[in-house]
Each structure stands twice: as C-alpha cells, then as structure tokens.
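Asker: Listed here are the chains, written in short residue letters.
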Amino acid sequence: ETGVTQSPTHLIKTRGQQVTLRCSSQSGHNTVSWYQQALGQGPQFIFQYYREEENGRGNFPPRFSGLQFPNYSSELNVNALELDDSALYLCASSFGVATNEKLFFGSGTQLSVL
Amino acid sequence: RKEVEQDPGPFNVPEGATVAFNCTYSNSASQSFFWYRQDCRKEPKLLMSVYSSGNEDGRFTAQLNRASQYISLLIRDSKLSDSATYLCVGTSKRGASKLTFGTGTRLQVTL
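Same order as they appear, the protein sequences are chains W and E.
Here my numbering is used: the first residue of the first sequence is 491, the next is one more, and so on.
Here my numbering is used: the first residue of the second sequence is -8, the next is one more, and so on.
If you're looking for bench data, these hints aren't it; they were derived computationally from the structure.
Don't take each hint at face value.
Claimed, not checked - Every beta carbon over 10 Å from chain E, so not counted as near; a handful from chain W, in silico:
id, residue
1, T492
2, Q507
3, T510
4, Q538
5, R541
6, E542
7, R553
8, S563
9, N569
10, E572
11, D574
12, D575
13, L580
14, K592
15, S602
16, V603
Stated by the list, open to error - BS3-like cross-link-like pairs, simulated, lysine-lysine; straight-line CA separation at most 25 Å:
id, chain 1, residue 1, chain 2, residue 2
17, E, K(-7), E, K33
18, W, K592, E, K36
19, W, K592, E, K(-7)
Everything numeric in this text was worked out from a predicted model, so none of it was measured.
C-beta atoms are modelled at their ideal positions from N, C-alpha and C, and glycine is treated no differently.
All chains should be built: construct the whole structure from the sequences, respecting the hints.
Answerer: See below:
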C-alpha cells in the first residue's frame, strides 16, 4: 500500500462527455503527477502539481486540466472525451519535485470511452 | 524516435533462467534512471534505481552506461513471481520532474 488513493477505480463514459478523476496523495506529500497509460504502452506524463500550482505539462491538449487542493489532493478533468482517451489514469505523489524523488503511485482509474 | 526505447518482448523463460533486458534513451539531459515493475493493469512499482556504478538487489542487477545511453536489468534465478512487465524509466527536469517511461518489456517465467 502506497497511501495514494484514486477514485473511482473504473469508469465508463461516452464520447463528448466530461470526466473528473480524483487522487488523495500520501500524507506529507505536496506534489502530485498524473499519467495516462494506454493499453500496451508505458505511462505518459500529463502534468504535475506542486503546492497547488501546475508545475509542468506533457504533450496533452487543453481539454486535460487539473487542480490541486490545499490538502494536496488533486483532480484530473477531461472534457469532450474521445475514444482514444480510454486508458488507465495513474496519479503519483511525492515530497518535492527533485528528479530523484521517489514517486508513490495509486492503483489507477480505468477509463473506458464508448 | 521515442525518448526511452525497450524491446516489448515477450520474453518467455523457464524458472531458474537468467534474463537480461536492455533499454536505450535519447535525451542526454536525463538525470536519473529506474526500473519499475508493473503487473497486469496495476500501478507501476519501483524495482530499483540505476547508477553508473551498477547496483544489485538480491537477484536483480541494474547498470547504466551514460556514454552509450544504455540501461540494463539482469534477473538471475528467475521465479514464477517475476512474471510482469518491466518498465525502463528516465527522469528529466524541464519545469517538472517527470518520469519518461519506455513501453515496457513483458517477462513470462514458466515451469
């Protein structure tokens, strides 16, 4: 158990809908990163939040947005869902943003877009 | 070209075998490297960090060659429980400290 929890575990949506995924970081961690893992691929970096501010973004369109709250939990929002958004969405928390900082992953949200 | 490239496998090996995975990276600014293990549709879990001097953790040995931009993982005396996907990971810091994952190498250990 990493202490990082994600909800929901599974979700089915249809094209064009909007979705919100949630992540509670491990106690004491102030940084949350989100990754998308399509079937047969490695996880791809979406963005990172550090102390409630976005601290870097991967190659994802603006319809992928996020928030981090004062308790350092985080949300990932995806608007105008597309079929290719079907994936496992992983949240990882860490204390700080150093490159050698250990990340603790949640068990993910499996999103299916029909 | 992908930043981190791995042979996707699968590697099918008998129990007790030694198996080696290789990985290359293209971003010379990458600072730290790791091997993660991922079981089917579960979260990746850190297996070990990778250093130029090499490091060993029980049956697992990892090595980094910065000159060749090459990372390896050696598993000795394979167990059935080693069956998983092994992800090669580099980190870089441009704004965010992000992990760049390879596509993973699938290992199946059989009786």
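Asker: All hints are to be evaluated individually against the structure, with a verdict given for each.
Answerer: Hint-by-hint comparison with the structure:
For W:T492, the requirement that its beta carbon stay farther than 10 Å from each beta carbon of chain E is not met, with the minimum near 8 Å. With a minimum CB-CB distance of about 23 Å to chain E, W:Q507 clears the 10 Å threshold, and the non-interface call stands. A cut-off of 10 Å between C-beta atoms confirms that W:T510 is not in contact with chain E; the least separation is 20 Å. A beta-carbon of chain E is positioned within 10 Å of the beta-carbon of W:Q538; the least distance is around 4 Å.
W:R541, annotated as away from the interface, keeps every beta carbon of chain E farther than 10 Å; the closest lies near 13 Å. The beta carbon of W:E542 is kept farther than 10 Å from every beta carbon of chain E, the shortest such distance being approximately 14 Å. The beta carbon of W:R553 sits about 19 Å from the closest Cβ of chain E, which is more than 10 Å, so the claim that it is off the interface holds. For W:S563, the non-interface assignment is confirmed: its Cβ lies about 17 Å from the closest Cβ of chain E, beyond the 10 Å cut-off.
The beta carbon of W:N569 is kept farther than 10 Å from every beta carbon of chain E, the shortest such distance being approximately 22 Å. Taking the minimum C-beta to C-beta distance to chain E, about 21 Å, the non-interface status of W:E572 holds against the 10 Å cut. Separation of W:D574 from chain E is adequate, the least Cβ-Cβ distance of about 17 Å exceeding the 10 Å criterion. The non-interface label for W:D575 is consistent with chain E: the shortest C-beta to C-beta separation is roughly 17 Å, beyond 10 Å.
With a closest Cβ-Cβ approach of about 6 Å to chain E, W:L580 is found to fall inside the 10 Å limit, against its non-interface label. The non-interface label for W:K592 is inconsistent with chain E: the shortest C-beta to C-beta separation is roughly 7 Å, within 10 Å. The non-interface label for W:S602 is consistent with chain E: the shortest C-beta to C-beta separation is roughly 12 Å, beyond 10 Å. Distance check on W:V603: its Cβ is at least 17 Å (rounded) from any Cβ of chain E, clearing the 10 Å threshold; non-interface status holds.
A distance of roughly 23 Å separates the Cα atoms of E:K(-7) and E:K33; the hinted pair therefore holds under the 25 Å criterion. At most 25 Å may separate the alpha-carbon atoms for a hinted pair to count; W:K592 and E:K36 meet this at roughly 11 Å. At roughly 23 Å between alpha-carbon atoms, W:K592 and E:K(-7) fall within 25 Å of each other, so this suggested pair holds.
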